[in-house]
Amino acid sequence: MLRFDKVTKTFGGNTAVDAASFTVDKPMMIGIIGRSGAGKSTLLRMLNRLTDASSGVISFDGLDVTALRGAAKRSWQSQCAMIFQQFNLVPRMDVVSNVLHGTLNRRSTVSTMFNLYPDEDIHRAINILERLGIAEHAPKRAEALSGGQQQRVAIARALMQDPRIILADEPIASLDPMNAQVVMQSLRDIHEQDGRTVIANLHTLDTARRYCDRVIGMRDGRIVFDGLPEHLTTATAREIYGADASFSEATTSTQIETTDPAPRVLADVAAQ
Amino acid sequence: MLRFDKVTKTFGGNTAVDAASFTVDKPMMIGIIGRSGAGKSTLLRMLNRLTDASSGVISFDGLDVTALRGAAKRSWQSQCAMIFQQFNLVPRMDVVSNVLHGTLNRRSTVSTMFNLYPDEDIHRAINILERLGIAEHAPKRAEALSGGQQQRVAIARALMQDPRIILADEPIASLDPMNAQVVMQSLRDIHEQDGRTVIANLHTLDTARRYCDRVIGMRDGRIVFDGLPEHLTTATAREIYGADASFSEATTSTQIETTDPAPRVLADVAAQ
Amino acid sequence: MADKIVNVDQTATVGDAYLAQIKKKRLMNFIMLVVFLALLVSGFYTADSRNAGGFWDGIGNIFDFPAAMFGEAIDRAPLMPGYLVEYFPSLIETINIAAASTLIGALLGLVMSLLVTRGFAPVPWLVNPLRRVLDILRAIPEIVIALVLIFMLGGGPVPAMIAIALHSIGALGKLFSEVNENASLKPVEGLASVGANWMQRMWLGVIPQVAPNYLSYALLRFEINIRASAILGFVGAGGIGYDLRNTMSWGVGKYDEAAAIFILLFLTIVAVDQLSGLMRNRLTNGAATPQVTS
Amino acid sequence: DGHVIDEFRIGILGGENAQDRMNSNECLRSTIEDALGVPTRLFAPADYNGVIQGLLGGTIDLSLMGPSSYAAVYVADETAVTPILVKVNVDGSTGYYSVGFARIDSGVASLEDMQGKVFGFGDPNSTSGYLIPSVEIPDLIGASMDNGDYFGEVKFTGGHEQTIVAVNNGDVDGGVTWTDGQGNWEDGYTFGALRKAVDSGLIDMNDIQEIWRSKLIPGEPVVLRNALPDDVRATVTEIIDTLGETDPECATALAGGEVSGFDPITHDAYTSIVAARLAQSN
Amino acid sequence: MITATLHSATVAQFSRKKRITFAVPLVIIAYFAYIFVSFDVAGLSERINVDNARTLVSDSYSYKTHVAQDNRDGSIAISVEGERKGEYPQGTGPDWVSLGDITVVDLGEGHIITFGPQVSYDIPGYGLVTARPDGTGVNAEFPDGDLPDFINASANRVMITTDVGRFTITRARAEVFKYSLGWELFFFTLDSPYYGLGPAELAAKVFSGKASAVWQEFWTNKMWRHGDVFWALFETLLMAFLGTFGAAIVALPLAFLAARNFNPLGSLRFAARRLFDFLRGVDGLIWTIVLSRAFGPGPLTGSLAILLTDTGTFGKLFSEALENVDDKQIEGVASTGAKPVQRYRFGVFPQMMPVLLSQVLYYLESNTRSATIIGAITGGGIGLLLTQAIATQKDWEEVTYYIVLIILLVMAMDTLSGWLRRKLIKGDEGGH
Ligand SMILES: Nc1ncnc2c1ncn2[C@@H]1O[C@H](COP(=O)(O)OP(=O)(O)OP(=O)(O)O)[C@@H](O)[C@H]1O
Ligand SMILES: Nc1ncnc2c1ncn2[C@@H]1O[C@H](COP(=O)(O)OP(=O)(O)OP(=O)(O)O)[C@@H](O)[C@H]1O
Ligand SMILES: [Mg+2]
Ligand SMILES: [Mg+2]
Ligand SMILES: O=P([O-])([O-])[O-]
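First to last, the sequence lines map onto chains A, B, C, D and E. Using this note's numbering, the letters of the first sequence map in sequence onto residues 19 to 290. Using this note's numbering, the letters of the second sequence map in sequence onto residues 19 to 290. Using this note's numbering, the letters of the third sequence map in sequence onto residues 9 to 302. Using this note's numbering, the letters of the fourth sequence map in sequence onto residues 4 to 285. Using this note's numbering, the letters of the fifth sequence map in sequence onto residues 52 to 483.
Hints are computed from structural coordinates only; laboratory data are not their basis. Every value quoted in this text rests on a predicted model; they were computed, and no experiment measured them. Even glycine gets a Cβ: it sits at the ideal position worked out from N, Cα and C. A portion of the hints provided could be inaccurate.
What the hints assert, rightly or not - Where chain D lies over chain C, by a calculated footprint (3+ residues, C-beta under 8 Å): (1) 63-73; (2) 111-123; (3) 157-171; (4) 240-254; (5) 257-271.
Stated by the list, open to error - Below, a sample of chain C positions facing chain B; criterion: calculated Cβ distance under 7 Å: (6) K32; (7) E197; (8) L199; (9) S201; (10) V202; (11) Q208; (12) P216.
The shape of chain A in the complex, shown without the other chains (with noise of 0.2 Å):
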């Protein structure tokens, strides 16, 4: 279905991702995780095209995404839907017309100037809000919603365009645990409700841990890791993060159930 192959990409003398290659054969939830710099923006950019490959293919169901030119190429962001870190809607429209923006490729640009959406899509909009809880904000402009429900707006604005594989840019890095919580669980009911394929970058191991079905790690651009998270274990971890023995970080975990957190979080893992 999703084919990288050899997809490299320098920045002036800098490779941020080098020769990254991997299959999705059927629709999956994929975390990609690894420190800062190491290259996931720049990996899911390539795929939506907001950021042009050096060199390598990247193709989708048979299709050469890397070599699309014009409107092909806008028609393929519109069928591969980026949900971003700091969410990236207009923030001094309303959450509708936000939504409204993923049917942009769809209309034609005249009516769209002027915001003449057909009733049908304003409808559909709502019926998504909706479905991510946050219908009662539908008036609102953006601006005026918490993070966790801007994030939302943004995912709907992603169901929207009604895309193959919809890519998110650690969705929860700007967000508090319990709006973590709320988009991440979203993320994973579109996957198995609708069964399309979510990539998300995560800087969390737990967050990839307990929704993904597959993850790939990432360090100084080339992919280190590939596999089930059941796989991930400590020491791989810590190759992935470059951390070095010494260094604890139960000194600042929040959890509660310090006593007996282990066993939890492997039954979260088992559950999926």
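Here the structure of chain A is known, so what remains is to put chains B, C, D and E with the ligands in place on it, guided by the hints.
Showing chains B, C, D and E with the ligands alone in chain A's frame:
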């Protein structure tokens, strides 16, 4: 030594701190925990007199702190140093100047406005920075430092005040795990080596357990727990935080060693 | 998530309500646009009818004056350098008026701004009265104060300087207080927690934060004040504006001098503009330039 | 010239409030409006130059102006306007004087005493406030009017009123303004800028003295734009020519003081003024 | 770093800082000293005219009534501010003047002036001054002793200035000024049927169907000319409105030409920017003069002058705003496959709108002030009335009236523009 007697603070109709009473007899390190809005910050701010109590008395060595005005109040503030979550340094000024601000109360207004600090103060400031391991950043602007370094500058400023008490309002909430560890260790060292009382608001139980001699738990403005860290059971913690059993914070934990964290944390606690 | 349980009717209601709302808003926006355009057009015709010459009659003669002026200047081009030297001292006076009044305005504006910013003000009940004072200082055109002062003090640079300075206090006081409002209270609180007094809190906690913005606004004010000081010269307050007015109103026969003065003034304004623009860009480090008000 | 006009515009100058000027010239406006049958409007530009530019640009059709201002228009464009009538004083004479004056307590009693002192002109386009003194005084003192040559400093105050206040305040040591030279000194004469200042209580003539007086200056002309149709020119000329008889009050208002009326005049009366003006130009 | 070096380096750094902290105030003080000398501020104390200041202040809230006798025919004229439009009808006058064969003026506090062939002034605490004006002089007689400061006498003229008023006599006329509080004749002039009516009586007239007549009398008040003043204010506002919005409309398309991210053609961008610099640099003052040749005096000339200057200003500001647009929003829209025009519409336009509006509205207020000044230079609006009133240097109460109106107008524009900014920028939830 330090005594809170039915100290209450109301903001409009909202009671932030509700008849809080406790006594501290000898220098110790105290952690205050509680969820957001519990009144932790307000409690500390009343002690430093950044906020005025609505009723009740705070006394220190027989001095009624709540009744102080003008110069006497500022003089008390200089003996009761405060460390903030957001560091509250002057970001555009260099590190040494920020540390020297700890002497403002002792020096004349005009001389401080013209940067006329005695040389011995400058030497002492550098010694304190040395002790906290950030002397090499002395000439840099505060804003050029990492969060953990900035927080240590704030601690240095507090030490420069040569205070009787050090208050720290969520000193590690803005820090990454690595820096959090350094900062908490610095506070602990100050308590142990100089014998000063340290009171810290903390948002993580682990930290309180690991570093404090005594833990005070607050909920909705009232003190609901006051005792040794060892006595802080999961049930008590749940009560303080008002968390229900379904919500697991593990979702967003940044911990690496998920497979075997418990023994290590317990070992940490035991080490104290 | 409890709110995920969808009630179909409710969804329909939300949708219809939203549709009704945006339609109403679109109508309102349309009406506002029409009203605005009507005001603009009728305003133009009113102005046209109250003017001595009409717009369409005059538009063809728009270059008559510049042609007359620069024609004479070109005819007597060799005299130009002499004029430039002759009027240079007046230019310096104009720049001095602007610089001195900007400095006074900035220093007093700074004090005022600290007094009128809630959170910084040492005397809270003075905040509102002082704000009104700033409003009034800002509202009086410089020319009014200058003319009145000329009556009392006679012509010369001092009335202009006082007039521009007063206006600058009002303008900068307000801008500075807006900057203050965006300043972080954290350093101030940090200093309060060590027992610092008001002066120390302001000087060490606020000024370092806001100084670049202050400076940027003060530079902008300097640009504006150069123009203001040239205009005041026009009504008798010294500087290059005075010479410009006398030569320009003499007309044919002294247009060459007028052109020389005009060139001096224009070059100065552009130079100060560019310089202060550069400095402001450096100060705000690529951030959006502050909004310009005069 | 057969074209018709759709509006007639009068430009007015003088030492009064813009509003007062509008008011005193209202009678002229309505008379002309009735006679021409087109809307007639009054404009009060801020200074002499405003009227000069208006006449040159064709946005003002008629004005009563100083001889030097007329010369300014003439020098810029000989074909723009023609002087048609001149103001006639009550005693039948035409013309007025430029008068130099100073405060008695300043110790200045004559032009010689002004050496090294500050001298004040009015508006650069004023005949009595600049042109005539700048021609006649250098002949008397045998030096130029440049700063520091004979006078310590020479400056323009902006207008007759400002000159009087500047002298009274001591901002300048001596200044020049206009007067008809008739009547008593202590009243500020019967007609002129000094009289206005005395009447409004601005100065006390006991405090000041005359230090110089010019030769007679040709009277102020009423000028009319040449591009106007001949019938319009004829009608307007006729109205003002007979104003002294038909509406003496209006004639007084237009002239800004007691006059007996207006008499025809031609450009020839102003050739000396034009010459003086050219001499003062670069 | 070795600790000792660190210590000495820091001490050195602090003494450097100390020097800078002292240098800045010193430079400022030095500059002011230079200004003090070059502007001759010291000489100011000699030049300042306290009398003028006093006249100005007292005139701004009081008025004077002139009582004048023509010494040749003995006729008496009484008028407010000595102006014809403020004249009392023959045979009438304020109650402190008793008209008759011999007119007596009571200035209060015992100051009595008697007119007639012999004019006398009884000054309490000094004595009686008499004068018999004829062709030879005023023939004044004073009590024994030196003349006090408040009397300025010569053979042909005597002036006496006291706290209650001012008395002048020359061969031709004798005149008394009496100062009273208030803006006299502000509502109706003496010849108006409504002069002197109380609020209750006026209200009665208004309700008995005379409302428009009363309004007409007030509106055309010859002394204060409220109608004309209103039109002048309106013209000033009109100049600001037309100039500001006209400039915004002209500048917007030009700004795209000058923005780096919207116009890749460097030469065109350069040309647009220099055009803006030129328009701004020439300044409204000069544009006014240039345009007044083509358009003559009036509000249109002023509007066009503001329009030209502000096209330069807005062009610069708008193009800077265009260069500062946030790419995140554009990227968000782009990631859905939006076409380039749609990217501008949804990624750029909503960001620009508030910036543009806010800048334009800021200028609306500032241009109200500019319009006042421009009016003073070319002729039009309240600025002209004001400068002319100041130039005559006597109508200070009118000057005060105009200044108050200008301040109120500018403050109203400030409030209005602030209100519009909040309403339009924060309030339009849809951003449509
Ligand atoms: N537009 C660009 N121009 C130049 N270098 C870039 C650009 N975008 C990314 N890079 C560089 O490419 C490398 C990979 O960046 P990328 O943003 O993909 O990392 P990331 O894994 O998403 O990190 P983060 O967790 O910080 O978002 C980094 O070294 C970055 O500096
Ligand atoms: N200045 C204030 N004005 C009004 N209400 C306030 C103010 N400061 C605090 N409160 C209220 O008082 C209550 C306690 O606040 P406080 O900041 O002490 O809580 P906290 O335990 O420190 O929470 P957090 O973890 O969020 O810092 C909250 O409900 C808060 O909204
Ligand atoms: Mg990234
Ligand atoms: Mg808190
Ligand atoms: O030209 P004047 O009327 O001012 O002599």
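Going through the hints against the structure:
{"no.": "1", "hint": "63-73", "result": "holds (count 5)"}
{"no.": "2", "hint": "111-123", "result": "violated (count 0)"}
{"no.": "3", "hint": "157-171", "result": "holds (count 3)"}
{"no.": "4", "hint": "240-254", "result": "holds (count 4)"}
{"no.": "5", "hint": "257-271", "result": "holds (count 8)"}
{"no.": "6", "hint": "K32", "result": "36 Å, violated"}
{"no.": "7", "hint": "E197", "result": "5 Å, holds"}
{"no.": "8", "hint": "L199", "result": "6 Å, holds"}
{"no.": "9", "hint": "S201", "result": "4 Å, holds"}
{"no.": "10", "hint": "V202", "result": "5 Å, holds"}
{"no.": "11", "hint": "Q208", "result": "5 Å, holds"}
{"no.": "12", "hint": "P216", "result": "4 Å, holds"}
Checked against the numbered hints above, the structure violates hints 2 and 6; every other hint is satisfied.
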